[in-house]
Amino acid sequence: MKWILSLLFSLLGVMAFCQEFSFGVAGLYNLKSNYIETKEKETNSVVHLGFPDMDSVYYLTLLETITEREYTVKGKPGFQAEANVDWKLGDRWSVGTGLGMRYRNWEYEDRVKIFIFYETLLNEIPEEEAPDFTPTLFCDEVINLNPGQIPNPVVDVRSLDLFIPVQFNVAFNEQFDAGVSFLFSAPVLTKLEYETTHTEYSMDGGLQICENSIRTREDDSGDDFRGFRFSSELQFTYWLQNIGIQLFGQLTSTPLFEKIETAGPNLGGVINTDSFKPRFIGLKVKYRLGEKANPE
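Residue 810 in the numbering used here is what sits at position 95 of the sequence shown, and the numbering runs on without skipping anything.
A couple of the hints might just be wrong.
[As the list claims (entries may be wrong)] With beta-carbon atoms standing in for the labels, derived distance ranges:
no.	residue 1	residue 2	range
1	A796	L955	19 to 29 Å
2	Y916	I996	44 to 54 Å
3	F897	Y818	15 to 25 Å
4	G942	N867	23 to 33 Å
[Said to hold, decoys possible] As a list, the in silico DSBU-like pairs of lysine-lysine whose alpha-carbon atoms are at most 35 Å apart:
no.	residue 1	residue 2
5	K974	K906
6	K906	K999
7	K747	K992
8	K1001	K791
Hints are computed from structural coordinates only; laboratory data are not their basis. Backbone N, C-alpha and C fix where the C-beta goes; we use that ideal spot for every residue, glycine too.
Kindly produce the complete structure, drawing on both the sequences and the hints.
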């Protein structure tokens, strides 16, 4: 919160020296993304073999997996609001900055296309050297509280970002100008919403009973999201006096999610990719005060 307040006071300070002030609101259309990603992973595992009347045997194994997943990200409508200040660099050119908030929403889904699993026995481990582990819960009987239903694989992804643009504009005449912006953004609020299978365990007559139900989980920790992102945008503005209609779109962007090696799919594999780079197009209505760059 402190750094947000610092940015606001800094912006108020530079406004005193700007030649043009504008503010605007925009609607966003998030573009659909579809791609395939392959990941390889190696882990060590301990296999425990043994029965009550026999000695326990522990084996160290190497697990190798190759997974090919198909990702589909469907964009939902979003919006943003911002305030900008500009300085003239000549008759045609100007440079500016500002502060804005941007809300975006997606439906995220991934499906496994290929899964290859290798298990290699490394060596036997003495019982006294075997690590602690939790025995796997085995279901003698399964009660499905939602017959014929499985969790919806679609994850609802939401992000409210604070962003600071650095803009370069050129005016072709009094009514039309174009420019490019380089943006620095950080998430203020994030949310993941998805369905999971919840299992409750109980004992009945020496048998372990498992009752399954579908639950909706929500996570607003932001652990899967990058803390800072950089992007670039191209914009075209048509002015009617002091009111401008601007068409803009994202050119480049860093990924939305953290690298898996850093954050990991800590929600049961909900976020499995760090390659999704969100793109969008938008339509903005602006109102300006002050001077503007006018070509002669």
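Do the hints match the structure? See the list:
1. A796 with L955: 19 to 29 Å: holds, 20 Å
2. Y916 with I996: 44 to 54 Å: holds, 50 Å
3. F897 with Y818: 15 to 25 Å: holds, 21 Å
4. G942 with N867: 23 to 33 Å: Holds, since G942 and N867 (Cβ atoms, about 29 Å apart) stay within the stated range.
5. K974 with K906: holds, 18 Å
6. K906 with K999: holds, 25 Å
7. K747 with K992: holds, 11 Å
8. K1001 with K791: Given that 35 Å is the threshold and the Cα spacing comes to 23 Å, the pair holds.
Every hint from the earlier list agrees with this structure, and none is contradicted.
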